[in-house]
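Trainee: Single-letter residue listing:
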Amino acid sequence: MALAKRIIPCLDVTAGRVVKGVNFEGLRDAGDPVDIARRYNDEGADELTFLDITASSDDRDLILSVIESVASQVFIPLTVGGGVRKVDDIRRLLNAGADKVSINTAAVSNPQLVKDAADRFGSQCIVVAIDAKAVTPENDRWEIFTHGGRKPTGLDAVEWAKKMQELGAGEILLTSMDRDGTKIGFNLPLTRAVSDAVDIPVIASGGVGKLQHLVDGVKEGHADAVLAASIFHFGEHTVREAKEAMRAAGIEVRL
Amino acid sequence: MKVAVIDYGMGNLHSVLKSIEAVNEVGADIFLSRDPDAIVKADKVVFPGQGAMPDCMRELNGYGLGDAVREATRTKPFFGICVGAQLLFEHSEEGDTPGLGLFAGNVVRFQSGLVDAHGERLKVPHMGWNRVFQTRPHPLFAGIEDGERFYFVHSYRFAPADPSLTLAESEYPDRFACIVGRDNVFATQFHTEKSHLAGLQMMKNFLAWDGAV
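Protein sequence lines correspond, in order, to chains A and B.
Its first residue numbered 1, the first sequence is counted upward by one per residue in my numbering.
Its first residue numbered 1, the second sequence is counted upward by one per residue in my numbering.
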């Protein structure tokens with residue numbers, strides 16, 4: 001297999017700055033998005049994902065100038081998500097230099113948006129973000145939650161992923177809500193169930209606390225790419241260390 | 001030197017433009033254009049493309065740019081990227097679309113249900129960093145290792161009818177042509193503008209290229 005498994009650092013952006021949550025309490029300024037993007041790029045990140053967590057709609061446009069600056073200096077793929085509701089939101093992000101746009105809540109409230117966006121811009125740039133939580137003690141059935149994991153939808157995660165593929169999604173960003181922030185590893189049965197059910201690539205997200213978790217996401221979870229935030233942000237590991245760990249485990253990476 | 005990046009509304013032109021500017025050590029005038037005259041008068045032409053090929057072809061024709069592209073492929077160093085490379089072929093399975101017909105051959109979809117030699121499933125789109133094996137020497141390979149990784153994202157690939165068009169191949173799981181070219185024309189399936197240092201090096205080579213092979 002020649003295609004490398006991807007490692008994708010995720011940056012939360014609000015009001016034009018990268019922020020970090022500290023022990024789930026409040027947000028701390030973590031620096032300039034361009035500087036941080038450049039550092040991850042230098043360390044060998046395969047792509048970067050920006051999550052716009054801006055609360056006020058007044059500040060929404062700031063993400064556009066962030067993406068424009070990053071895209072002028074960092075020549076790897078950039079995905080942007082957060083608050084994407086209309087085809088025009090996607091157009092503006094792509095024009096600013098995003099390569100892919102991630103649709104989350106709006107895909108649930110308006111699945112047609114996924115189809116419209118894929119028809120208009122191509123499947124290659126439409127990522128559907130799925131936030132799922134186990135709804136059985138056996139961890140064998142998972143439901144989609146929206147609004148940052150607060151609102152249940154009654155939708156089955158595996159069926160939903162298949163439907164998003166049919167509508168034209170080019171990739172699935174799968175976050176396990178039970179694991180997000182726990183640092184105990186991906187929800188591997190969930191990741192594997194979704195990845196095996198679709199033909200499009202699946203990015204595993206939520207729960208990474210050590211490098212072995214990234215290995216497990218690929219080997220046990222069958223993920224095509226792994227996304228992590230805190231292990232990189234807090235300086236525990238560099239992207240390069242993550243890749244070396246994956247390579248040592250027999251996974252093909254770009255090093 | 002004038003370098004025109006053809007702007008027909010398809011794809012991440014911002015990144016294409018910025019990536020060429022990033023390696024512009026020769027003081028070239030690099031600009032986006034949808035003006036057939038400006039494209040024909042440029043010294044070099046970059047032809048990007050992203051999205052579905054039927055839409056790309058429709059937009060290209062809508063702006064009346066088909067002849068300017070054909071003219072550029074005959075006369076000047078020309079760099080096609082992704083769908084901009086696919087459009088140079090005769091026909092695409094995607095939406096049963098005729099291409100510009102510069103190169104003999106068709107654009108075909110990766111089969112679904114592909115598996116590699118270890119039985120691992122291969123997803124479509126083919127997305128991520130894959131190796132590019134040079135099958136013929138070319139000036140644009142200067143400073144780039146054989147087998148270097150570049151960033152791909154595509155569900156369709158070109159299948160040249162004339163094997164001498166193929167300059168490099170990748171594997172998914174079988175070998176497929178990922179760079180084609182003839183004379184002054186060079187075209188990649190992958191995105192140089194998203195391929196970090198290797199992509200920048202290739203674009204730098206293009207700025208230095210006189211179109212001879």
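Bear in mind the hints are in silico, worked out from the structure with no lab data behind them.
Heads up, a few of these hints could be off.
[What the hints assert, rightly or not] Pair by pair, the computed Cβ-Cβ distance ranges are:
| id | chain 1 | residue 1 | chain 2 | residue 2 | range |
| --- | --- | --- | --- | --- | --- |
| 1 | A | His-147 | B | Gly-113 | 50 to 60 Å |
| 2 | B | Gly-27 | A | Pro-152 | 19 to 29 Å |
| 3 | B | Leu-32 | A | Asp-61 | 15 to 25 Å |
[As the list claims (entries may be wrong)] These stretches of chain A come out as covered by chain B in the derived footprint (C-beta under 8 Å, 3 or more residues):
| id | segment |
| --- | --- |
| 4 | 91-97 |
| 5 | 101-115 |
| 6 | 204-213 |
| 7 | 232-243 |
Positions of the beta carbon are idealized from the N, C-alpha and C atoms, including for glycine.
Trainee: A separate judgement is required for each hint: does it hold in the structure or not?
Mentor: Results of checking the hints against the structure:
In this structure the supplied range 50 to 60 Å is violated for A/His-147 paired with B/Gly-113, their Cβ-Cβ distance being about 36 Å. For the pair B/Gly-27 and A/Pro-152, the beta carbons lie near 59 Å from each other, so the given range of 19 to 29 Å is not met. One distance hint, 15 to 25 Å for the beta-carbon pair B/Leu-32 and A/Asp-61, holds here, with the actual separation near 22 Å. A stretch counts as covered by a chain when three or more of its residues have a beta carbon under 8 Å from one of that chain; for the segment 91-97 of chain A and chain B the count is 4, and the coverage holds.
Check result for the segment 101-115 of chain A against chain B: violated, 0 residues qualifying (beta carbon to beta carbon below 8 Å, three or more required). For the segment 204-213 of chain A, the stated coverage by chain B is violated: 0 residues have a C-beta nearer than 8 Å to a C-beta of that chain, whereas at least 3 were required. Given a C-beta distance limit of less than 8 Å, the hint that chain B covers the segment 232-243 of chain A is violated, as 0 residues qualify and 3 are needed.
Checked against the numbered hints above, the structure breaks hints 1, 2, 5, 6, 7 and satisfies the rest.
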